[in-house]
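Use these hints to put chain Y onto chain V, whose structure you have.
One letter stands for each residue in the lines below.
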Amino acid sequence: AQSVTQLDSQVPVFEEAPVELRCNYSSSVSVYLFWYVQYPNQGLQLLLKYLSGSTLVKGINGFEAEFNKSQTSFHLRKPSVHISDTAEYFCAVSKINKFYFGSGTKLNVKP
Amino acid sequence: DTAVSQTPKYLVTQMGNDKSIKCEQNLGHDTMYWYKQDSKKFLKIMFSYNNKELIINETVPNRFSPKSPDKAHLNLHINSLELGDSAVYFCASSQVSGAGTDTQYFGPGTRLTVL
Chain V
1 AQSVTQLDSQ VPVFEEAPVE LRCNYSSSVS VYLFWYVQYP NQGLQLLLKY
51 LSGSTLVKGI NGFEAEFNKS QTSFHLRKPS VHISDTAEYF CAVSKINKFY
101 FGSGTKLNVK P
Chain Y
1001 DTAVSQTPKY LVTQMGNDKS IKCEQNLGHD TMYWYKQDSK KFLKIMFSYN
1051 NKELIINETV PNRFSPKSPD KAHLNLHINS LELGDSAVYF CASSQVSGAG
1101 TDTQYFGPGT RLTVL
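So the sequence lines, in the order shown, correspond to chains V and Y.
Note that our numbering has the first sequence beginning at 1, numbered continuously upward.
Note that our numbering has the second sequence beginning at 1001, numbered continuously upward.
Okay, chain V solo, but in the shape it has when bound:
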């Protein structure tokens, strides 16, 4: 079975500071990796995804993530956050069209 672990349930950060949201997954086979963002009272929307190729993936809103196969991690980063980045972030893996989501990390950007 797949599992996705997001180690931090909440990450407070000041505006313009860098941030990293951590995601680890367990799988004995190749999977596809995703980060989704959920703004308050909205559905999830895709930030970025890793399918193959370069391990550094760039997404929308200045976010990027790095796939590390040896550490089974897919951490999300942004060099300078904005107030509008305040949201819940979900890491997910998929295998044969089944998606497994982490429990989410709430990013709270303070002025």
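If you are wondering where the hints come from, they were derived from the structure by calculation, not from laboratory data.
For clarity, every value in this text was computed on a predicted model and none was experimentally measured.
Some hints could be false.
What the hints assert, rightly or not - Taking lysine-lysine pairs in the DSSO-like style, the calculated list, with each CA pair at most 30 Å apart, reads:
1. 106(V) - 58(V)
2. 1067(Y) - 98(V)
3. 1019(Y) - 1052(Y)
4. 1052(Y) - 1071(Y)
5. 1067(Y) - 1009(Y)
6. 106(V) - 1009(Y)
7. 58(V) - 1036(Y)
8. 58(V) - 1052(Y)
9. 1019(Y) - 58(V)
10. 1036(Y) - 106(V)
11. 49(V) - 1041(Y)
12. 98(V) - 1009(Y)
13. 1041(Y) - 106(V)
14. 106(V) - 1044(Y)
15. 1071(Y) - 106(V)
16. 95(V) - 1044(Y)
17. 69(V) - 1044(Y)
Relative to chain V, chain Y alone:
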């Protein structure tokens, strides 16, 4: 011109009642999903339909019955509601099914509260 819409947005009901949640997508996608997000924010897939055909049916009580009248709609009917059914239910859609590479587009969610 919402891509994936759900109704209602909020649903408050008594234990034992039967209720339905509707979902529609106007993206022309072939595959639709229902997810349940519990109070700890865990998001778990319940069902998936591809072109009106059920392809994923996770371990969900048979009080939950999805229905897809056409590939743009996927409704969720819940019989004999229980307290533990309280959650946010998300509908999603994606273009194709089977590879697991497609982006899923989510609706805004339906917050179900069972009293």
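Evaluated hints:
The straight-line distance between the Cα atoms of residue 106(V) and residue 58(V) is roughly 20 Å, inside the 30 Å bound, and the hint therefore holds. Proposed proximity of residue 1067(Y) and residue 98(V) is supported: the alpha carbons are some 19 Å apart, at most 30 Å. Between the alpha carbons of residue 1019(Y) and residue 1052(Y) the distance comes to roughly 21 Å, so the proposed pair stays at or under 30 Å and holds. Among the hinted pairs, residue 1052(Y) with residue 1071(Y) is consistent with the structure: their alpha-carbon atoms are about 5 Å apart, no more than 30 Å.
The straight-line distance between the Cα atoms of residue 1067(Y) and residue 1009(Y) is roughly 19 Å, inside the 30 Å bound, and the hint therefore holds. Between residue 106(V) and residue 1009(Y) the alpha-carbon distance is near 22 Å, which keeps this suggested pair within the 30 Å criterion. As the CA atoms of residue 58(V) and residue 1036(Y) are separated by approximately 29 Å, the hinted pair is consistent with the 30 Å bound. A hinted pair counts as satisfied when its Cα atoms are at most 30 Å apart, and residue 58(V) with residue 1052(Y) does not qualify at roughly 34 Å.
Note on residue 1019(Y) and residue 58(V): the hinted pairing is violated, with a Cα-Cα distance of about 41 Å set against a maximum of 30 Å. Only pairs whose Cα atoms come within 30 Å are accepted, and residue 1036(Y) paired with residue 106(V) is accepted, the gap being roughly 18 Å. The suggested pairing of residue 49(V) with residue 1041(Y) holds, with an alpha-carbon distance near 21 Å, which does not exceed 30 Å. Between the alpha carbons of residue 98(V) and residue 1009(Y) the distance comes to roughly 25 Å, so the proposed pair stays at or under 30 Å and holds.
With a CA separation close to 10 Å, the supplied pair residue 1041(Y) and residue 106(V) stays within the 30 Å bound. Taking the CA atoms of residue 106(V) and residue 1044(Y), the gap is about 18 Å. The hint holds against a cut of 30 Å. Distance check on the hinted pair: residue 1071(Y) and residue 106(V) sit about 34 Å apart at the alpha-carbon level, beyond 30 Å; violated. A hinted pair counts as satisfied when its Cα atoms are at most 30 Å apart, and residue 95(V) with residue 1044(Y) qualifies at roughly 14 Å.
Our distance criterion of 30 Å between C-alpha atoms is met by residue 69(V) and residue 1044(Y), whose separation comes to about 24 Å.
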